[in-house]
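Engineer: Quick note: the sequence shown uses our numbering, first residue 1490, plus one each step.
Hints were generated in silico from the structure; no laboratory data involved.
Heads up, a few of these hints could be off.
To be verified - Straight-line Cα separation of at most 20 Å, PhoX-like style, residue types lysine-lysine; simulated pairs:
{"id": "1", "residue 1": "1527", "residue 2": "1507"}
{"id": "2", "residue 1": "1587", "residue 2": "1566"}
{"id": "3", "residue 1": "1507", "residue 2": "1587"}
{"id": "4", "residue 1": "1528", "residue 2": "1587"}
{"id": "5", "residue 1": "1505", "residue 2": "1585"}
{"id": "6", "residue 1": "1566", "residue 2": "1579"}
{"id": "7", "residue 1": "1569", "residue 2": "1552"}
{"id": "8", "residue 1": "1528", "residue 2": "1585"}
{"id": "9", "residue 1": "1566", "residue 2": "1585"}
{"id": "10", "residue 1": "1507", "residue 2": "1551"}
{"id": "11", "residue 1": "1505", "residue 2": "1525"}
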Amino acid sequence: MKTIKNRVTDYFIQLKTKGVARKLDSTLSFPISSEKIKKVLIILPRNLESLDRASNFVQSLKKHYPKWRVELFDVDKLGKNDLNNMQLPKPEVVNKLKAANYNFVLDLNDANDQIASFITLMTEAPYRMNLNRDGETSYNIAFQPQRADGAIRYESVLQYLSQLITV
């Protein structure tokens, strides 16, 4: 059950992102050439147990798509000065991410994360992927990765991306 603070934050996110989501609403068709993507933002999982596997995935992704400029974002590294009263990134942080002109944002969290969803949408990247969150308007690509012993098998994510984005 969500706390009142989470419900208020969800409402704030809906208001703040409604116009951005409408602006970015477009039909995607796949496969696309990897050359369409120059700059990628990967939001690291907040679950520390997944971090090592996610790091290995990032290295594999860089090898598979060597021309991509891949940048990592760790939500947990945001300081109190970077967050507003709702615990969302302040406009300065959002503007900096938006100005980076990412073509693709990949959120590696396997559970709904308000900050990651907010950041993903506010970058205004044309391709925004999450792992197994139905109905999330911040993303326009979703994939349910394979799991082994409850942990995400990120290799399946790379296989899926290989089908969507050709080298």
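Engineer: Give a verdict on every hint.
Structural biologist: Structure-based check of each hint:
Distance restraint check for residue 1527 and residue 1507: the Cα-Cα separation of roughly 26 Å exceeds the 20 Å cut-off, and the hinted pair is therefore not satisfied. Of the supplied pair hints, the one linking residue 1587 and residue 1566 holds, its CA atoms being roughly 18 Å apart against a limit of 20 Å. A distance of roughly 16 Å separates the Cα atoms of residue 1507 and residue 1587; the hinted pair therefore holds under the 20 Å criterion. Proposed proximity of residue 1528 and residue 1587 is supported: the alpha carbons are some 12 Å apart, at most 20 Å.
Our distance criterion of 20 Å between C-alpha atoms is met by residue 1505 and residue 1585, whose separation comes to about 17 Å. A distance of roughly 14 Å separates the Cα atoms of residue 1566 and residue 1579; the hinted pair therefore holds under the 20 Å criterion. Distance restraint check for residue 1569 and residue 1552: the Cα-Cα separation of roughly 35 Å exceeds the 20 Å cut-off, and the hinted pair is therefore not satisfied. This hinted pair checks out: residue 1528 and residue 1585 have alpha carbons roughly 14 Å apart, not beyond 20 Å.
The suggested pairing of residue 1566 with residue 1585 holds, with an alpha-carbon distance near 15 Å, which does not exceed 20 Å. For the proposed pair residue 1507 and residue 1551, the alpha carbon gap of about 33 Å is over 20 Å, so the pair is violated. About 28 Å separates the Cα atoms of residue 1505 and residue 1525, which puts this hinted pair outside 20 Å; it is violated.
The structure fails to meet hints 1, 7, 10 and 11 from the earlier list, while all remaining hints are met.
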